[in-house]
Amino acid sequence: DAKTTQPPSMDCAEGRAANLPCNHSTISGNEYVYWYRQIHSQGPQYIIHGLKNNETNEMASLIITEDRKSSTLILPHATLRDTAVYYCIVRFSIQGAQKLVFGQGTRLTINP
Amino acid sequence: GAGVSQSPSNKVTEKGKDVELRCDPISGHTALYWYRQRLGQGLEFLIYFQGNSAPDKSGLPSDRFSAERTGESVSTLTIQRTQQEDSAVYLCASSLGPRRSAETQYFGPGTRLLVL
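Same order as they appear, the protein sequences are chains A and B. My numbering applies: residue 1 is where the first sequence begins, and numbers increase by one. My numbering applies: residue 1001 is where the second sequence begins, and numbers increase by one.
Note that these hints are calculated values from the structure, not bench results. Note that the Cβ used here is the ideal one computed from N, Cα and C, for glycine as well. Hints should not be assumed to be uniformly reliable.
Unchecked claim - Under the rule of at most 27 Å between Cα atoms (straight-line distance), these lysine-lysine pairs were calculated in the DSS-like manner:
| no. | chain 1 | residue 1 | chain 2 | residue 2 |
| --- | --- | --- | --- | --- |
| 1 | B | LYS1011 | A | LYS99 |
| 2 | A | LYS99 | A | LYS52 |
| 3 | B | LYS1057 | A | LYS99 |
| 4 | A | LYS3 | B | LYS1057 |
Unchecked claim - Going by beta-carbon spacing under 8 Å, a handful of chain B positions derived as facing chain A:
| no. | residue |
| --- | --- |
| 5 | GLY1042 |
| 6 | PRO1098 |
| 7 | THR1104 |
| 8 | PHE1107 |
| 9 | GLY1108 |
Start from the sequences, fold in the hints, and give me the full structure.
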């Protein structure tokens, strides 16, 4: 799987949009961009994924650049409960175990 | 619908005892993963089940660790003769299984194991 680079930490005010960047310059054409988060003492939570097009669901939006070398996760109206470590992963689906490997991620703190 | 559930949520045991951890995957998910996460660390893959195929046990750290899965339902992870270094959160995840498109894993809340 391609390597990703994320800032180690970010702060955002409650109610504002949180924009979390991720660089994946070595991504290949069939690799998806995934985002998970892990709130303290909880299991990882799936947020969103995409291949080429921008995606939106009830939790977040994912913006992928045209060259697919970077992406941004957007939490449109951050709340205190969004404080967590956010992981950006790139991977493609092959036969066999899809072992998830999280990097250091971005520790997002939402401030009141 | 119901997500992945795990039990117990917490387990304290004495060194040398055996423990059994349980995972109930999302209904219809053919793939099931066990991971371990030590305090402040990333995920460590342990074992993978996919349908009726032979499990991928490549991540099990020693022969004290074993896991079973009945069909496409419940899985149990057993740790025999526990050691203090086994203390960690044990996470279970399930997914619809490998496919040509993306495969999303959904995690349970984990079992926090403490070996005294």
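Right, here's what the structure says about each hint:
1. About 25 Å separates the Cα atoms of LYS1011/B and LYS99/A, which keeps this hinted pair within 27 Å; it holds.
2. Under the criterion of a C-alpha separation no larger than 27 Å, the hint pairing LYS99/A with LYS52/A is consistent with the structure, at around 22 Å.
3. Simply put, LYS1057/B and LYS99/A have alpha-carbon atoms about 12 Å apart, close enough for the 27 Å limit, and the pair holds.
4. A C-alpha spacing of about 25 Å is found between LYS3/A and LYS1057/B, which places the hinted pair at or below 27 Å, so the restraint holds.
5. Proximity of GLY1042/B to chain A holds as hinted, the smallest CB-CB distance being about 5 Å (cut-off 8 Å).
6. Taking 8 Å as the C-beta cut-off, the interface hint given for PRO1098/B holds, the closest approach to chain A being about 6 Å.
7. Residue-level restraint check for THR1104/B holds (minimum Cβ-Cβ distance to chain A is 5 Å; threshold 8 Å).
8. Annotation: interface hint on PHE1107/B holds; nearest CB of chain A at approximately 4 Å, less than 8 Å.
9. Residue-level restraint check for GLY1108/B holds (minimum Cβ-Cβ distance to chain A is 6 Å; threshold 8 Å).
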